[in-house]
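*Asks:* Quick note, the sequences are listed as chains W and X, same order. The numbers in the first sequence follow the working numbering, run straight up by one, and end at 1239. The numbers in the second sequence follow the working numbering, run straight up by one, and end at 886.
Hints were generated in silico from the structure; no laboratory data involved. Where a beta carbon is used, it is the ideal one built from N, C-alpha and C, also for glycine. There may be inaccurate statements among the hints.
SDA-like, lysine to any residue: derived pairs with alpha carbons at most 25 Å apart [as the list claims (entries may be wrong)]:
#1 X:790 to X:830
#2 X:780 to W:1170
#3 X:815 to W:1181
#4 X:780 to W:1174
Below, a sample of chain W positions facing chain X; criterion: calculated Cβ distance under 8 Å [claimed, not checked]:
#5 1173
#6 1174
#7 1226
#8 1227
In case you want the letters, here they are:
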Amino acid sequence: DQQVKQNSPSLSVQEGRISILNCDYTNSMFDYFLWYKKYPAEGPTFLISISSIKDKNEDGRFTVFLNKSAKHLSLHIVPSQPGDSAVYFCAAITGNQFYFGTGTSLTVIP
Amino acid sequence: DTAVSQTPKYLVTQMGNDKSIKCEQNLGHDTMYWYKQDSKKFLKIMFSYNNKELIINETVPNRFSPKSPDKAHLNLHINSLELGDSAVYFCASSRTRGGLTGELFFGEGSRLTVL
Chain W
1130 DQQVKQNSPS LSVQEGRISI LNCDYTNSMF DYFLWYKKYP AEGPTFLISI SSIKDKNEDG
1190 RFTVFLNKSA KHLSLHIVPS QPGDSAVYFC AAITGNQFYF GTGTSLTVIP
Chain X
772 DTAVSQTPKY LVTQMGNDKS IKCEQNLGHD TMYWYKQDSK KFLKIMFSYN NKELIINETV
832 PNRFSPKSPD KAHLNLHINS LELGDSAVYF CASSRTRGGL TGELFFGEGS RLTVL
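Please model the complete structure; the sequences and the hints are all you need to start from.
*Replies:* Printed below as a string of structure tokens:
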């Protein structure tokens, strides 16, 4: 039972443009959402998070939006840079449990 | 200094063998985890360990057992390895139980291949 879904396995964006990564979830009890970034042969690293009581959190070039009524989360990266090319995992927390999506591979084309 | 380190990074072994993967964190975190990333890239929690409390994902076979000699270490032992155990195993740690700060620190992963 996959409670967090990333339906786009890959995304390609031109350098300087906006990258939008999407995530859907099914459990309304999730109280915290996160994005992790993963380079090949490395572990995921925390990128940005948002509490369920907020609808937006911004950190530099990264902004996460939360639409609770739609159970939808998105990560915006603007402007996109080649170094942003990685796999991005969406995750959600309830209680002690983290639930991860299957990831979206972002390629930023120079 | 690597915050969360796992060894070995690669492990190739035969079916039926017993193997261990070690994990150490130097962040002073209270909680450590083991995740399995399968062929579909799905990161699934296996265990979380906070001081004396072990929380086990009920879907994990009992051939898998975590061992924590101290707060900074959480090793993963696997008995009677099966082909389906082939995956990348990630160790992680967090400051608070459940990672309520939202931040898990992951190791680099250990790729296990069972032949």
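*Asks:* Are the Cα positions of residue 780 of chain X and residue 1174 of chain W separated by 25 Å at most?
*Replies:* 17 Å, holds
*Asks:* So if I understand the rule, the pair passes when the alpha-carbon distance is 25 Å or less; does residue 815 of chain X with residue 1181 of chain W pass?
*Replies:* Within the cut-off at roughly 22 Å; holds.
*Asks:* Is the Cα-Cα distance between residue 790 of chain X and residue 830 of chain X 25 Å or less?
*Replies:* 20 Å, holds
*Asks:* Under 8 Å, Cβ to Cβ, is where residue 1227 of chain W needs to be relative to chain X, so tell me if that hint holds or is violated.
*Replies:* Hint holds; residue 1227 of chain W Cβ to chain X Cβ min 6 Å, cut 8 Å.
*Asks:* Quick check on the hint: residue 1173 of chain W CB to chain X CB, less than 8 Å?
*Replies:* 5 Å, holds
*Asks:* Minimum Cβ distance from residue 1174 of chain W to chain X below 8 Å?
*Replies:* Given a least distance of 7 Å, the restraint on residue 1174 of chain W holds.
*Asks:* Is the hinted pair residue 780 of chain X and residue 1170 of chain W satisfied, with a Cα-Cα distance of at most 25 Å?
*Replies:* 9 Å, holds
*Asks:* Would you settle whether the hint for residue 1226 of chain W is holds or violated, based on the nearest Cβ-Cβ distance to chain X being less than 8 Å?
*Replies:* 7 Å, holds
Going through the hint list in order, the structure satisfies each hint without exception.
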